Amino acid sequence: MSKFNPEQRFIVTGASSGIGESVAILLNGLGASVVAVARNAERLEAMRAKCAHPENVFIELKDLAEDAGGLPAYLKSLKDKYGKFQGFAYCAGALEVKPLQLLAYSEMSKLFDVNYFAPVMMAKGFADRRINNGAGSAGVVISSIASFVSARAMATYSGSKAALAASIKSAAREMAGAGVRLNLLSPTDIDTPMAKMDPPAALREANYPFGLGKPEDVANFVAFLLSADARWITAQNYIIDCASF
Amino acid sequence: MISFTSEQRFIVTGASSGIGEGVATLLNELGATVVAVARNMERLEAMKAKCAHPDKVFLEIKDLSEDIENLPAYVKLLKDKYGKFQGLAYCAGLGEVKPLQIIDYAGMKTIFDVNYFAPVMMAKGFADRRVNNGKGSSAVFLSSIAAVCSDRGHTSYAGSKAALSASIKSIAREVAPAGLRMNCLQPSLISTPMGLPSWETGEFKDKYPFGIGEPADIANFTAFLLSDKAKWITAQNYIVDCGSI
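So the protein lines, in turn, are chains A and D.
In terms of this note's numbering, the first sequence opens at residue 589 and continues consecutively.
In terms of this note's numbering, the second sequence opens at residue 3 and continues consecutively.
Since the hints were made in silico from the structure, they are not lab data.
None of these values were measured; they are calculated from a predicted model.
Just so you know, not all the hints are guaranteed correct.
To be verified - Under the rule of at most 30 Å between Cα atoms (straight-line distance), these lysine-lysine pairs were calculated in the DSS-like manner:
no., chain 1, residue 1, chain 2, residue 2
1, D, K233, D, K86
2, A, K667, D, K64
3, D, K52, A, K686
4, D, K100, A, K650
5, A, K650, D, K111
6, D, K86, A, K686
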């Protein structure tokens, strides 16, 4: 696995728990500097305490859903503060399981803000050549198996992740000319706080021949896609589901 | 041969031009009663004038992207006025080709309102058992080939259509026990006022061995999916692209 150096800075959103936390810790462990974005300072500090090189971990409090439209400007401000970025990993997201008859436009809009509009605006901000390191810079956005498979009561969640997959692919084709790469990962149910719901982990285990996925399983793939080892990979949406679908 | 009776009422949105107009005139020609919804009265009247049975065509002026939250109540209102509905064809939509660096959150929301949130809320309204005819009732939503294949400049448009395809699939699984069917069609470029700017450039003309698709090509498929000939078909996304991708 390629190592990174502290001059290679990565923005990781949703860095206070689950997949985002795991990505932040791993990138830092591999030598990179990490700007960790989330809403909760306490949990971000707890994440940093687990890092191999905490001096290269910088914490930013931000509610991405509240300011989706302002994210390109926000990225610019992060760049002014820390320097240009080698990459970003968008791991913030919200889950919703709700039957059709309970769907409301206002709530759907809110879920789309964090799962869809915010990451698209992040990609737009990152594409700015004043912000990224040019050729070889890369972004990874966490989508979901729900972007391929629409289960019952998952109308909004599936919709937001499918929208994300389609838009990021389109954006990736636009950024390819500048040598910047952009990909998505579509994990199935992973053992994270977000996915803690019925049925419990023990029952969910049964779906997966190698057991329930851990955040690290996804983080390893994210680090690969952000590294130079993946230089020929862009505009892809890779399923990571332990053969369950 | 597909035929309907005048007791079979269909809501057709976007009925004043393009595919929606093609669907409204075809369903009416096949014997059905059509409640045609669009924003422009003059164009709706022009559509009605082309109908085989104009006495069975009712016009409703409505901007679907306004007051999306209350679209289920709007569908209920139409039911109170006309009686229960056999089906729904959602053909309203907005096209957009815009580079990543020009799109903004507000503009994306506009596209998502009419291409995604409105049809989902219409599906919710139609699924109400006080509104539809029960078993055999059916809805068709116009998605797009963009949901499957994201071209450059299609960030918002592809995202909105992929979201629609995913959500309608999820919803179709929820309403299946009630005997309701819901499907999406994913046409490529069709000769409509919306598609006109693209195909007039000529660069697409070689992609289609049988020429550019006509609204009638999509309307015929829609009528089939709304009819009892398609009684075993639900939760599908069918590409109609003359083999171009």
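Hint check results:
no., hint, result
1, D:K233 - D:K86, "holds, 19 Å"
2, A:K667 - D:K64, "violated, 46 Å"
3, D:K52 - A:K686, "violated, 43 Å"
4, D:K100 - A:K650, "holds, 28 Å"
5, A:K650 - D:K111, "holds, 22 Å"
6, D:K86 - A:K686, "holds, 26 Å"
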